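Asker: Here are the chains, one letter per residue:
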Amino acid sequence: MNEQDWSRPAAMAIPKEGYFKLEKGRYGPIFPRTPIGYGFTIIAKVKPGREEALREYGRTIEKTIGTTPDALAVLKLHSLKWVLFDINNDTYFMYQGVFDTDFDKYSEDAIAIFTATGITTAFVNLEGFPEDWKTNAPAVIKFVRDHHRPSFLEYGEYPYVTGDEIKKALRMKQAFSGMLDQMQ
Amino acid sequence: MTVGAQSGATLELDDIQHFLVNRTPALAARYEFLTFPTSGIGRAWLSGILGKVGTARTVGAGPPDARWVTVAFTWNGLRSLGVCESSLETFPEEFRQGMAARADIIGTTGPNAPEHWIGGLASPDLHAIVILFARDVAERERCREEHARFLQECGARLLSSLDLEALPPYDYAHEHFGYRDRLSQPVFEGTGEVPTPGSGGVLKAGEFFLGYEDETGVVPVLPKPDVLIRNGSYLAYFRLQEHVAAFRDFLRQNGTTEEAQELIAAKLMGRWRSGAPLVLSPDKDDPELGKDMQRNNDFNYKGMDPYGYRCPVGAHIRRMNLRDTGHNMERRRVIRRGGTYGPLLPQDAPEDEVERGVAGFVGCASIVRQYEFAMNVWVNDAAFMDLGNERDPIIGTQDSSFDFTMPKRPIKKTIKGLPAFTTVKGGAYFFLPGIKALRYLSAGASESSSS
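Residue numbers (the working numbering), protein chains in the order written: chain A, 1 to 184; chain B, 1 to 451.
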């Protein structure tokens, strides 16, 4: 059976480096497509006293997507998760995304979207985020890459399916149901 | 001194080399690739040629010139001219590494890989390029002899050279496959030019020239020092061999009539060879449309051809300018310059083993964001636009393992195992300095020489 068969759940154990074979992208190693797609997990320490600013930012993004549902469409996302957690007396931020494009290829597009939607402004609450982020896209990309912790295991119940394929299938289901309704 | 914000309206035309601003009426050209045995020799060469370099202000402003000179340097070339390490390390990584080191990233692999490049272009000894555009071959030859004498005099060494000539008929620009060229060029602030319909808005000068606001509305962080960087640009040079006989064979194999062959040629490019876009003229050529600059670029994809029934999603021009199907497009535009080399292969002539092709430059403010993105994503990413197993059919790295799909009702037509119609024979990244920067470099690249 094809290893990319959507009907057969798949798991992938990933080496420590985050890739099986070093393949260079424009900004660094390319991370592989796994059963759930491409993705990143960015973990960074929150600057002291900035936790509420991040929570407020969460409410802002909710409003943004409410009024502009396609604001992030270009990123070909499946899902994004933002998490705050504590270790000892410090607060950490985890930002985890699953999407259908290799992030080396679309780094600048992502930053442009992050800037337009305010996602980048959340990053200013993180330690080590470049002060000159507005004028220094390569430094922002380096921050993201430096704080990305690759998964060592990923599992997909319906592996290697893209967001577009899911949406297409649901649209067809909807159209088919409509057609059957019309035939009553 | 730091680089301050400059609006496009004050583009410093006196300090910008003409190359990316003015298009010259040249029918011949010569590129010479140089190495400087010592920094003194490099500076002597630059001092001698500096006065011949045309500025964006002067070129085209007075009586017609017969030749136009441009000079640019690799990162190793800047070092050979005496630029200090603290300045050299501020240049972006892609420029420091050079094109050959980044071949895997831009996808020039297999027969296109640097180990097969010619003319010493992959060598760290490549320091400079002097680009000569000439009104005709006679003027080119006169300049070649003059420059050869000067090279001997100052001790700079010619690594290799390439002579270029326009292909007949001379009334329009086209390459060896026969496609009309120069139909889509970005327009930027400070020139007063108006984009042709469909060519997008006027772009911020900082997309192409260093020291100006770019499309983000700010001046990006730049290398140091200001005197070296200001009004400069980057050039990605490429020499692309065109396999004309193989291309014509392919058309014959996939089209039983001349009309069918022309349609295949148009599908690969996204335009008929006349220049007429498939989106506007899907079923037959329209040469009048092809040469009409007010109409031949005035179309989009999402609105007019979302599924690619007219222009396939993987066609060359649909990859190189995504128009309304792309995102962040204003940050991906580039200025193209160059020409054709090698003799025209007569129609129906067999392969003659003579190299012919196009050799050109992509001008931009960021090689990694503009040129490398286009090569890595638009040209050589097999997953581009979810196509799955396709690369650019004209300039992509092809090895008969990729497809080309032409959407068609009721079912699409897919050509399996597309052959390579082109091979990269060399390339390099250059920095194209402003005029004051050239003086600074010729005087030893020290701060005291910048005043």
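None of these hints come from the bench; they were simulated from the model.
This one's a predicted model, so the numbers in the text were calculated from it and none came from an experiment.
Incorrect hints may have been included.
[Stated by the list, open to error] With a Cα cut of at most 30 Å, we get these calculated BS3-like pairs of lysine-lysine:
#1 134/A to 21/A
#2 284/B to 412/B
#3 408/B to 168/A
#4 416/B to 167/A
#5 284/B to 134/A
#6 224/B to 168/A
#7 21/A to 63/A
#8 224/B to 24/A
#9 134/A to 416/B
#10 291/B to 167/A
#11 63/A to 76/A
Asker: With reference to the structure, classify each hint as holding or not holding.
Answerer: Taking the hints in turn, this is what the structure says about them:
1. 134/A to 21/A: violated (33 Å)
2. 284/B to 412/B: Holds, at roughly 19 Å.
3. 408/B to 168/A: holds (19 Å)
4. 416/B to 167/A: holds (28 Å)
5. 284/B to 134/A: violated (48 Å)
6. 224/B to 168/A: violated (50 Å)
7. 21/A to 63/A: violated (41 Å)
8. 224/B to 24/A: At roughly 27 Å apart (the allowed maximum being 30 Å), residue 24/A and residue 224/B satisfy the hint.
9. 134/A to 416/B: With a Cα-Cα distance of about 45 Å, the restraint between residue 134/A and residue 416/B is violated, given a limit of 30 Å.
10. 291/B to 167/A: violated (42 Å)
11. 63/A to 76/A: holds (20 Å)
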